[in-house]
Amino acid sequence: MKTMDALSKLRRNAAFAPGALDRGKAKLMAEIESQTAPLPRPTVVPQLPYHDVRAALEFLERAFGFRELTSSRVEDEHGVVGHAMVAFGDGLIGLGQHGGHGTSSPKSLGGESEYVSVYVPDVDAHYRRALAAGARIANGLRDQFWGDRTYEALDLEGHRWRFHQRVREVPRAEWKWSPSDD
Amino acid sequence: MSSPSDADLIGRSLAEPEAFGGIYDRHAPLLLRFLGRRVGAETAEVLAHEAFRIAFERRKSFDSSRSSALPWLYGIASNLLRKHRRAEARRLRASARMAAGNEAADRRSSAAALHARVLLPRVADAVAALPEPEREALLLYAWEELSYESVAEALQLPIGTVRSRLSRARARLRELLGETGKGRTRSR
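Sequences listed follow chains W and R, in order.
Going by numbering that gives the first Met the number 0, the first residue of the first sequence is number 0, and it counts up by one from there.
Going by numbering that gives the first Met the number 0, the first residue of the second sequence is number 0, and it counts up by one from there.
It is possible that some hints are incorrect.
Taking lysine-lysine pairs in the PhoX-like style, the calculated list, with each CA pair at most 25 Å apart, reads [stated by the list, open to error]: (1) W/Lys24 - R/Lys82; (2) R/Lys59 - W/Lys26; (3) W/Lys26 - R/Lys82; (4) W/Lys1 - R/Lys82.
Chain W is faced by these chain R residues, among others (derived, beta-carbon under 7 Å) [unchecked claim]: (5) Gly20; (6) Tyr23; (7) Arg36; (8) Ala40; (9) Arg52; (10) Ala98; (11) Ala123; (12) Leu176.
Calculated directly from the structure, the hints in this document are not laboratory data.
Where a beta carbon is used, it is the ideal one built from N, C-alpha and C, also for glycine.
Kindly generate the complete structure, drawing on both the sequences and the hints.
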């Protein structure tokens, strides 16, 4: 057997996963949109610390549907992401390095010091997506006394996220709050 | 009406970014297969996305005298493969085992099957051990069936350099396998 024949025998027909093309197209078009759409400029922008910003970005996109504004990413020559921005609707959140600006990741803190509320169009569908992506559910789906339906999940480093959908209007006089509510 | 060339689409995407989606539609299947051959379907999907993202960002620098964007995309993808040498070597060895099994099933002569079983893993290891620039040129040429011109375009090299890399790569493999004389070359 000649060398080049042997080489061609090592060539495998590579099939790609069904759906890979469509997934890739959707991701690319979202990327293109995020690069060309003007940056949202909300007045208040929370900044969350992570030990591994890159992993956090991947997870927030996959599990919760955030989209990175890739043109804002700051990265060193080893590929360590120092800071990045993610958007959801007209909201914006910064992800930075643990330890920067006096912040600590819950992973080191041993607990959360805050949580972030995010309004989504379909909280049940959002819950299923997060669950499938391996998010830890801290509080399951429930209807709240003020008219939201919510659940809470923890991300890779333990930041807590609460996802809400407005499902009904409840007059303030009918609100029933007890300290045991979560 | 004939469809627009890749250069037309990329040119248009400077003002209308979403036109770049047409480049994806045309070339993503080949790129996914190329990357899949090298590192497996799962990593291929991640790398293909990365490649198209980079291509989009660099679309201004696309040489509009080229009619096809494919060599340019192969070049970007080849660059991304550099970080995946170990996955590639593993895959090559697995391919060698599979191919040797097929040979054994196809051939009556057990001597030929034995030869394949010994030879193919050696070729796989030899390919994995080739210096990066030579391996890349060789596999673009031999597996993706790119012309010398396209390999040169992909790797941004003069065509003479591509020729010399390919002949060095072949010579190294032949030497490793104790083969004498010139191997067959593909005419195109």
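Checklist entry - For which of the previously enumerated hints does the structure constitute a violation, in increasing order of number? => result Number 4 - this is the single hint that the structure violates.
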